[in-house]
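Starting from the known structure of chain A, fit chain B onto it as the hints suggest.
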Amino acid sequence: MDSSSSSSAAGLGAVDPQLQHFIEVETQKQRFQQLVHQMTELCWCMDKPGPKLDSRAEACFVNCVERFIDTSQFILNRLEQTQKSKPVFSESLSD
Amino acid sequence: MEGGFGSDFGGSGSGKLDPGLIMEQVKVQIAVANAQELLQRMTDKCFRKCIGKPGGSLDNSEQSRAEPCAPPLPQKCIAMCMDRYMDAWNTVSRAYNSRLQRERANM
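These protein sequence lines map, in sequence, to chains A and B. FYI, in our numbering the residues of the first sequence are 1 to 95. FYI, in our numbering the residues of the second sequence are 1 to 107.
Here chain B stands alone, though its shape is the one from the complex:
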């Protein structure tokens, strides 16, 4: 019997759910979801920064994303943007964590 839980959460056909296995699988799924979120936001940000305003001879502000023929990908910009995004993410994560610790210490 292939129940929704049995197949995904470590049921071995006997219908028993192994909590340890469930936890592992949930952790994996959470990690995947986080990676997807990060990827989506990073892509959005770097697209806007690197492609929304392409460099070149034309006036930057005139080149909107509505341009049918986008110039070739500015890979360097995107690569740097990705690295900076991760730096920023880590900075924010640290700052937020510190703030939480401080709040807890004050309680």
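The following block holds chain A by itself, in its conformation from the complex:
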């Protein structure tokens, strides 16, 4: 059978393209959710929880999200650059 290009649905034989698309979409959604979970914990901006989320705490959370993404991008970019000049990880990553 054709459409054997999907590695994520091994065992199902011919992969329904609709199913494949579904898997891609859900995987992406999951990555998003996971990051939200992580950032909510990491960025916790409240000492003692009050009756409502005040604007300072809210701004703090938003800032943290932005800085976290900035950091993540910075790390990826820099790693890419340093990998080009002197590949440090190429051996260990290829396992």
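Just so you know, nobody snuck in bad clues.
With a Cα cut of at most 20 angstroms, we get these calculated DMTMM-like pairs of lysine to aspartate or glutamate:
#1 Lys27/B <-> Asp16/A
#2 Lys45/B <-> Asp87/B
#3 Lys48/A <-> Asp87/B
#4 Lys52/A <-> Glu41/A
#5 Lys45/B <-> Glu41/A
#6 Lys16/B <-> Asp16/A
#7 Lys45/B <-> Asp54/A
#8 Lys76/B <-> Asp44/B
#9 Lys27/B <-> Glu26/A
#10 Lys29/A <-> Glu66/A
#11 Lys48/A <-> Asp44/B
#12 Lys52/A <-> Asp83/B
#13 Lys45/B <-> Asp47/A
In short, the hints are calculated from the structure, not lab data.
Chain B alone, transformed into the frame defined by chain A:
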């Protein structure tokens, strides 16, 4: 024949897999997993905030979680913490989403 897939993923005994049913069931399982993650993190956070440092006459910093006899649950604190956690979660979700949209617009 009760194969691993047949029983869980909408196989009707004939061995045929209905993609629609599979997708529905996967969505449910993902939702459950997310709810569990949220619950676990929320519980951890609210425990630390509300019980790790119980109020009272004793010096808060002295009361560690190692105390054998924990004071009665500060339900109000936990309830508020849960609400604030959800507020925070939604705030983070919105902020992250906005950021993603911005990134996509810039590409």
